[in-house]
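The primary structure of each chain is shown beneath.
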Amino acid sequence: MKRILIQLDTDPLASVFDRVVAVDAGVDELFSYGSVSPEAAVGLTHGAIFTRKVADLKSTAIFVGGSDVQAGEAVYAKVLHSFFGPMRVSVMLDSNGSNTTAAAAVASAGKHLALKETQAVILGGTGPVGFRAAQLLASQGARVKLVSRHAAKASEACVQLKLLELPGTVSPHVSTSFEETIALCAGADLLIAAGAAGIEVAALEDLKATGIRVVVDVNAVPPLGVRGVESTDKAKEREGMICYGALGVGNLKIKVHRAAIEKLFTSNDLKLDTQAMLEIARELTALA
Amino acid sequence: MKRILIQLDTDPLASVFDRVVAVDAGVDELFSYGSVSPEAAVGLTHGAIFTRKVADLKSTAIFVGGSDVQAGEAVYAKVLHSFFGPMRVSVMLDSNGSNTTAAAAVASAGKHLALKETQAVILGGTGPVGFRAAQLLASQGARVKLVSRHAAKASEACVQLKLLELPGTVSPHVSTSFEETIALCAGADLLIAAGAAGIEVAALEDLKATGIRVVVDVNAVPPLGVRGVESTDKAKEREGMICYGALGVGNLKIKVHRAAIEKLFTSNDLKLDTQAMLEIARELTALA
Amino acid sequence: MKRILIQLDTDPLASVFDRVVAVDAGVDELFSYGSVSPEAAVGLTHGAIFTRKVADLKSTAIFVGGSDVQAGEAVYAKVLHSFFGPMRVSVMLDSNGSNTTAAAAVASAGKHLALKETQAVILGGTGPVGFRAAQLLASQGARVKLVSRHAAKASEACVQLKLLELPGTVSPHVSTSFEETIALCAGADLLIAAGAAGIEVAALEDLKATGIRVVVDVNAVPPLGVRGVESTDKAKEREGMICYGALGVGNLKIKVHRAAIEKLFTSNDLKLDTQAMLEIARELTALA
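Chains as they are written, first to last, in this note's numbering: chain A, 1 to 288; chain B, 1 to 288; chain C, 1 to 288.
FYI, nobody ran anything at the bench for these hints, they're computed from the structure. Bear in mind that the values here come from a model prediction, so they are computed numbers and not experimental data. Hints are supplied without guarantee of correctness; some may be wrong.
Identical copies carry no separate label here, and so any pair may be met within one copy or between two of them.
[What the hints assert, rightly or not] Below, computed lysine-lysine pairings styled on DSSO-like, alpha-carbon distance capped at 30 Å:
no., residue 1, residue 2
1, Lys255, Lys2
2, Lys255, Lys111
3, Lys271, Lys111
4, Lys234, Lys53
5, Lys255, Lys234
6, Lys78, Lys271
7, Lys111, Lys236
8, Lys53, Lys111
9, Lys2, Lys263
10, Lys58, Lys234
11, Lys263, Lys53
12, Lys234, Lys2
13, Lys162, Lys78
14, Lys236, Lys53
15, Lys263, Lys111
16, Lys255, Lys78
17, Lys2, Lys53
18, Lys58, Lys255
19, Lys2, Lys58
20, Lys53, Lys78
21, Lys78, Lys2
In isolation and in its complexed conformation, chain A is listed as follows (with noise of 0.2 Å):
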């Protein structure tokens, strides 16, 4: 029986990037959807659980993508609404890459660091990427500083990890400036710089006093977020620490989204969102 995987895209366009992705993971069909809303999806995922035998739904799945991460969460929420009962797939929820990037990034991480112990910093906290890494890390055990340019956003982000109940801590902080960043790097031991792109928020010289032994930097486009790393790093050593680009951490993503993709037509009620990406991704990095 064919694997086919149903991509609902909140974007306009579907993205190419998720569908060479999903056609490399060895799916035999894709049916890609772009300007997908929770309403629309309803009757998608009818289309998907009413048209094989039960014991033949692990070879139908859904992923959820876009560039919105909300959108995303409000189809995948829907998406998991329309079941009934056994009558359901699995689902993977990816919008912006944010899970699989995350999950890459802390996963590179933890090769070097034991996260349980770590004390980690994280730039950008509130984005798509770095709330995931967040929330990651803490379920790992971590202390995470998790910072924003706007008080308001940071706090805000930091209860919502809280309602999670993981064994890490999120505290909330704010940086403007490189002098308050080095600030909150001192005695961490990890800095993840998950920001808006383009924008330098820090420079590898000035944090080799801090302490931080992992830089991963997750910003693909020059300038990076953190002066001196390169885009290609992959645990290069630069001023004695570190340092992951985003193309070096991109290729470990690739692997964990494919990996993901698999996993989805093993099972016909699998839900691989944030915490399920970073179990493959040590999975991986294990392997390695």
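Assemble chains B and C onto chain A, guided by the hints.
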């Protein structure tokens, strides 16, 4: 040569249901279009007929679907009108699943009744499935009471059906209550409930005394049209009557749908609409 | 690794014609997009180049099409501009089929004429096919009279072509009647009629005296541009001239189109536009 099915859907997002069935029917490449207007259908049809040799055109076919039956019929007519002599492909019309569902409902009843001697009552006879079921029953020689809540609509539907000069008869009737429905069923053999979702129009216990022997309710979501029938009923005896629910009919509906898709690729000049679906459904039930 | 073709179409519904040809050219997965703007092309192109290793990028390619040639050129330019060094894929431009049709028309003429010594007259020389045919003929050293009903348009088209510094010559001409057209053909060898659909611009019987030896009419729907030619003509001798109609050229056009698609997957850095199509067409006619 790969079998290409071109799905022209009048809804903004092409039906997942129709896509899964097409894949499971062995289509190699599915070109899915949403928001298809009759005007747009011309160019799309020309693309279908001008790209392969006439001898190879049986490997290309067109499926017209979407929730709006009238819109689908307009597209279907335009497709047929866009052919040039031998440069044509086979076409199937199944907007809202109405043709395949009506065929499955009538063929299911035909397992228990001699249709040409049957007196049938169709509730929701002006809707997509009810109207097609009335047509199919009359095509087999049955006497059909086509019931609606609106007298004018019922009359108009019967006028349209009479233009087809079918061997059976159709007559318009109005019912707005359980009592009126029961009265219409007196002396009839078959009741098909195809009305609007979520509205009860009769109860099995009241039908016992009417002489009805087979009840088919094509409504999938509770409450069904006939109280006492369950959506999974498939030739289930209840109160002395043989009952079919939407899922009980749905299995045959999907088989008809798949078989029709397969048939499209046996020739380049087939027009598979209402009547053709019944022939397929009767073949399938005869084999079963 | 599966061969993925990304079809960027500037029309709302991506061309069925281009999709069928792509499938028949052996593409494994076709990602079809409608209503593609230059802005949207950036993200779609990034999805193409950031998902596979550079060594594998020859298995991904982009096709730009749609009825509006200018819109297609804008998307094509944006695609080429979105590559980063070795992270690029091969791209083909064939809006309105203009490049493949022009190449097939010119290559057909080239079977009977030495193009570098040919004097050609192109009616509808400012339209999508006529303009490209003029370019291709001039690229082979021919002297081309580019004819339009509007002097300013003809002049502008010639200015554009002269910027390409081709070995042949192009000169602008106006014709609004059979008589003017016949006068322009005096002493010429080749007439290509590529004007608007449904408008007769000349008659074979009047062309006899001009010296024209080959007539190509790319209009498919009667009345054709040159009275006396039939759309199925393929090197058909009429009134002492060798005639080609749209379907006679169309067979070669589709072969060129398919061969170009196949060629896209031989490397990750090809740009297949007007000139490349002629090379393919001439190879195919040399082999035939």
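Hints, one by one, checked against the model:
no. : hint            : in the structure
1   : Lys255 / Lys2   : both (22 Å within a copy, 17 Å between copies)
2   : Lys255 / Lys111 : within (16 Å within a copy, 52 Å between copies)
3   : Lys271 / Lys111 : within (26 Å within a copy, 42 Å between copies)
4   : Lys234 / Lys53  : between (45 Å within a copy, 16 Å between copies)
5   : Lys255 / Lys234 : within (15 Å within a copy, 46 Å between copies)
6   : Lys78 / Lys271  : within (13 Å within a copy, 38 Å between copies)
7   : Lys111 / Lys236 : within (13 Å within a copy, 61 Å between copies)
8   : Lys53 / Lys111  : between (43 Å within a copy, 23 Å between copies)
9   : Lys2 / Lys263   : both (15 Å within a copy, 20 Å between copies)
10  : Lys58 / Lys234  : between (36 Å within a copy, 25 Å between copies)
11  : Lys263 / Lys53  : both (20 Å within a copy, 23 Å between copies)
12  : Lys234 / Lys2   : between (37 Å within a copy, 28 Å between copies)
13  : Lys162 / Lys78  : within (24 Å within a copy, 44 Å between copies)
14  : Lys236 / Lys53  : between (50 Å within a copy, 20 Å between copies)
15  : Lys263 / Lys111 : within (23 Å within a copy, 43 Å between copies)
16  : Lys255 / Lys78  : both (27 Å within a copy, 29 Å between copies)
17  : Lys2 / Lys53    : both (13 Å within a copy, 27 Å between copies)
18  : Lys58 / Lys255  : both (21 Å within a copy, 20 Å between copies)
19  : Lys2 / Lys58    : both (10 Å within a copy, 23 Å between copies)
20  : Lys53 / Lys78   : within (22 Å within a copy, 35 Å between copies)
21  : Lys78 / Lys2    : within (25 Å within a copy, 33 Å between copies)
The structure agrees with every numbered hint stated previously.
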